[in-house]
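These protein sequence lines are chains A and B, in that order.
Residue numbers for the first sequence follow this note's numbering, beginning at 130 and rising by one.
Residue numbers for the second sequence follow this note's numbering, beginning at 1037 and rising by one.
Since the hints were derived computationally from the structure, they do not count as laboratory data.
Ideal Cβ placement from N, Cα and C applies to all residues, glycine included.
Just to be clear, a hint being listed does not mean it is correct.
[Stated by the list, open to error] Calculated pairs, EDC-like style, for lysine to aspartate or glutamate (alpha carbon to alpha carbon, straight line, at most 16 Å):
no.	chain 1	residue 1	chain 2	residue 2
1	B	K1050	A	E179
2	B	K1229	A	E165
3	B	K1507	B	D1452
4	B	K1295	B	D1341
5	B	K1040	A	E165
6	B	K1047	A	E190
7	B	K1050	A	D162
8	B	K1305	B	D1421
9	B	K1050	A	D145
10	B	K1050	A	E150
11	B	K1229	A	D145
12	B	K1523	B	D1488
13	B	K1124	B	E1170
14	B	K1138	B	E1197
15	B	K1263	B	D1452
16	B	K1263	B	E1498
17	B	K1047	A	D148
18	B	K1051	A	E190
19	B	K1047	A	E150
20	B	K1507	B	E1456
21	B	K1319	B	E1284
22	B	K1260	B	E1082
23	B	K1040	B	E1082
24	B	K1047	A	D145
25	B	K1262	B	D1421
26	A	K207	A	E165
27	B	K1604	B	D1584
28	B	K1050	B	E1082
29	A	K180	B	D1241
30	B	K1305	B	D1341
[Unchecked claim] FRET-style restraints, in silico, Cβ to Cβ:
no.	chain 1	residue 1	chain 2	residue 2	range
31	A	E165	B	P1571	49 to 55 Å
32	A	E165	B	K1574	44 to 50 Å
33	A	G209	B	G1292	26 to 32 Å
34	B	F1417	A	G209	43 to 49 Å
35	B	I1283	A	K183	23 to 29 Å
[What the hints assert, rightly or not] Here are a few chain A residues that sit away from chain B, every Cβ distance over 12 Å (derived from the structure):
no.	residue
36	T132
37	S151
38	T187
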Amino acid sequence: METQQIIEQLNPIFIDVLDNESIQLTESTSAADIEEWDSLTNVQIIVAVEKHFKIRFTTAEIQKLNNVGDLCSLIKTKQGA
Amino acid sequence: MILKSFSGLKKNLKKDFAALKKIKLAVLADSASQLYVQALKGYGYEIGYNFDIYEADYDQIDRQIFDKTSTLYQSDPEYIVIHSSTQKLLSRFYKLSSQQKKSFCKEYISYVHELITAANASTKAKIIVFNFPEINDSVFGNFSNKTDSSFLYQLRKINVELMELAQENSGVFTNDISSLQNTFGNSFIIDQKIYINTDTVFSLDFLPYVAKNTTDIVASIAGKFKKCLILDLDNTTWGGIIGDDGIENIQIGSLGIGKAFTELQCWAKQLKERGIILAVCSKNEESIAKEPFEKHPDMVLRLTDIAVFVANWENKVNNIRHIQSVLNIGFDSMVFLDDNPFERNMVRSEIPELEVPELPEDPAEYLSYLRTLNLFETASFTEEDNQRTQQYQEEAKRISFQKSYTNEDDFLKSLDMISEVSPFNKFNMPRVAQLSQRSNQFNLRTVRYTEDTVQQLISSNEHFTFSFTLKDTFGDYGLISVVILQKRKAGELFIDTWLMSCRVLKRGMENFVLNQLVKCAKENGVEKLIGEYIPTSKNGMVKDHYKDLGFTEKNGQWELNVPGYKEKTVYIYPKLIAAQSI
């Protein structure tokens, strides 16, 4: 799956979890850009992403994520595996 | 009700809570509690509560409880929810020496005792304590069951001791997470990733269940609980269709999948013994529907277990409304079990307050599913609760009997009512005091008497005391009305107390009582009865009591001229126990 396709699928997940309709993700979007995105909502996003893409992340992988682009690459790796 | 997901509950937080009943909670936890608090608040919205939640800072249980001036007490909660996690318990346990480990439970429970004592000294709040889902640390394997210095050994003991503690302290309740773990399994209740990253000890999927379980306890204490279970018959109470298959072929006991229905019936019977009223609502010929209850050897439920039995060809909505009117309890306190999705949906859409579980397709799964719903949470249990069915059965008979009369007087006459009229004595003293404590609605002045003060009245020269029982062809209500007359100046009696149980409204009982009062007044040369109504928030129903009985108003009180009194027509026959004179 291409990065853009993944972002398109991530966008509604972020909107749902963060309860913010105005979110428009790009590869460079990070927690600093969205007010509601904090450590507690981050785990909720992760759980929702895992469910959606039917994959599992390790705790270390999650901690290394810096922005949406990182998340997309990780999803790609997991799906390729 | 289908439980919403965590994100669904979270969305509720933005809704308008203004019109909902506000309940003040405080949540104290030794792990991250933000997500739990969100779930709790969101779940409250689902059932009509505006939880106003004080959330203590992380790991502040001791500080908040032991400090009398803490923000916890300043928040003035009605309920304090204490969540200690098994994870923290485990880390505390590991720091101990082998000898200390053996008394871990004892030490921990005495600590909880101290918490409760300290809290009780500063607040009247009810305390809800989480018990512990198990962590088998696999240090001893199965041998931990034989080893009192193992974590599992001490943990299980703590859970048992928490039950004893709750039993001893009426204001303490256990939030039984251990039982939820048993239902859902460890891999469901905790998400290690969330735990490691945020120190939240429950998974997102599990949080709604924890929130519901907490709310179940609060709701039952606040008076919202189920009182009645209505059962459909064919393929719900037994397998098969009685009208087609006949009594010998319905599946119950060892026939077919009868075991599933037998176990469901056993459960219903246990509920009945706990005080839940059972009713039947079935599309059937009544005589055919009743036959298994009377004759089938494997039926667990018998007709005596069923307070209201409705079997006919009318629609179920009307029949459930009928059951509700007989029992005179709210629809929101009733549960309806039916295997047929069409009937369920119809009933649900017509009576949305009614709880209608979405039974699984396979009857084998009915009971295990119903158990997970925790439909019958309660905040009290007394031995007398199991007599409730009989009282409602009597009431049901009265009501169906009343339907056959168009004329109220004819109906009342047919009841053959008898009332025993007696002054207070040592036998009726406890019930007189209880009724004086409990009656709020039909109570003219709401003066409360204890057994001690009732005792004083018995020997008083200044008072006439009256207690009234009532029984009819259907049953005995027991002692249901109390009057105390106080001698004031010559020729005048003041009605200090007049109260009556609401179960006997519309029987002409108040007319009967007045006849008796006047009779006593005449025998003692009294010319005036003086009544008074003191309004409270609950006794509006007797606002016009004296006016309706023919008293005239004078200076905010009510007077009745005794010599001019015309005896009222009643259909209650007196049985007099001793006349009184001063």
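Right, here's what the structure says about each hint:
no.: 1; hint: B:K1050 to A:E179; verdict: violated, 26 Å
no.: 2; hint: B:K1229 to A:E165; verdict: violated, 20 Å
no.: 3; hint: B:K1507 to B:D1452; verdict: holds, 8 Å
no.: 4; hint: B:K1295 to B:D1341; verdict: violated, 20 Å
no.: 5; hint: B:K1040 to A:E165; verdict: violated, 22 Å
no.: 6; hint: B:K1047 to A:E190; verdict: violated, 29 Å
no.: 7; hint: B:K1050 to A:D162; verdict: violated, 22 Å
no.: 8; hint: B:K1305 to B:D1421; verdict: holds, 13 Å
no.: 9; hint: B:K1050 to A:D145; verdict: holds, 13 Å
no.: 10; hint: B:K1050 to A:E150; verdict: holds, 14 Å
no.: 11; hint: B:K1229 to A:D145; verdict: violated, 21 Å
no.: 12; hint: B:K1523 to B:D1488; verdict: violated, 20 Å
no.: 13; hint: B:K1124 to B:E1170; verdict: holds, 12 Å
no.: 14; hint: B:K1138 to B:E1197; verdict: holds, 15 Å
no.: 15; hint: B:K1263 to B:D1452; verdict: violated, 30 Å
no.: 16; hint: B:K1263 to B:E1498; verdict: violated, 44 Å
no.: 17; hint: B:K1047 to A:D148; verdict: holds, 7 Å
no.: 18; hint: B:K1051 to A:E190; verdict: violated, 36 Å
no.: 19; hint: B:K1047 to A:E150; verdict: holds, 13 Å
no.: 20; hint: B:K1507 to B:E1456; verdict: holds, 9 Å
no.: 21; hint: B:K1319 to B:E1284; verdict: violated, 19 Å
no.: 22; hint: B:K1260 to B:E1082; verdict: holds, 14 Å
no.: 23; hint: B:K1040 to B:E1082; verdict: holds, 9 Å
no.: 24; hint: B:K1047 to A:D145; verdict: holds, 9 Å
no.: 25; hint: B:K1262 to B:D1421; verdict: holds, 14 Å
no.: 26; hint: A:K207 to A:E165; verdict: violated, 27 Å
no.: 27; hint: B:K1604 to B:D1584; verdict: holds, 12 Å
no.: 28; hint: B:K1050 to B:E1082; verdict: holds, 13 Å
no.: 29; hint: A:K180 to B:D1241; verdict: holds, 11 Å
no.: 30; hint: B:K1305 to B:D1341; verdict: holds, 7 Å
no.: 31; hint: A:E165 to B:P1571: 49 to 55 Å; verdict: holds, 52 Å
no.: 32; hint: A:E165 to B:K1574: 44 to 50 Å; verdict: holds, 47 Å
no.: 33; hint: A:G209 to B:G1292: 26 to 32 Å; verdict: violated, 52 Å
no.: 34; hint: B:F1417 to A:G209: 43 to 49 Å; verdict: violated, 59 Å
no.: 35; hint: B:I1283 to A:K183: 23 to 29 Å; verdict: violated, 52 Å
no.: 36; hint: T132; verdict: holds, 24 Å
no.: 37; hint: S151; verdict: holds, 15 Å
no.: 38; hint: T187; verdict: violated, 8 Å
The structure is inconsistent with the numbered hints 1, 2, 4, 5, 6, 7, 11, 12, 15, 16, 18, 21, 26, 33, 34, 35 and 38, although it conforms to all the rest.
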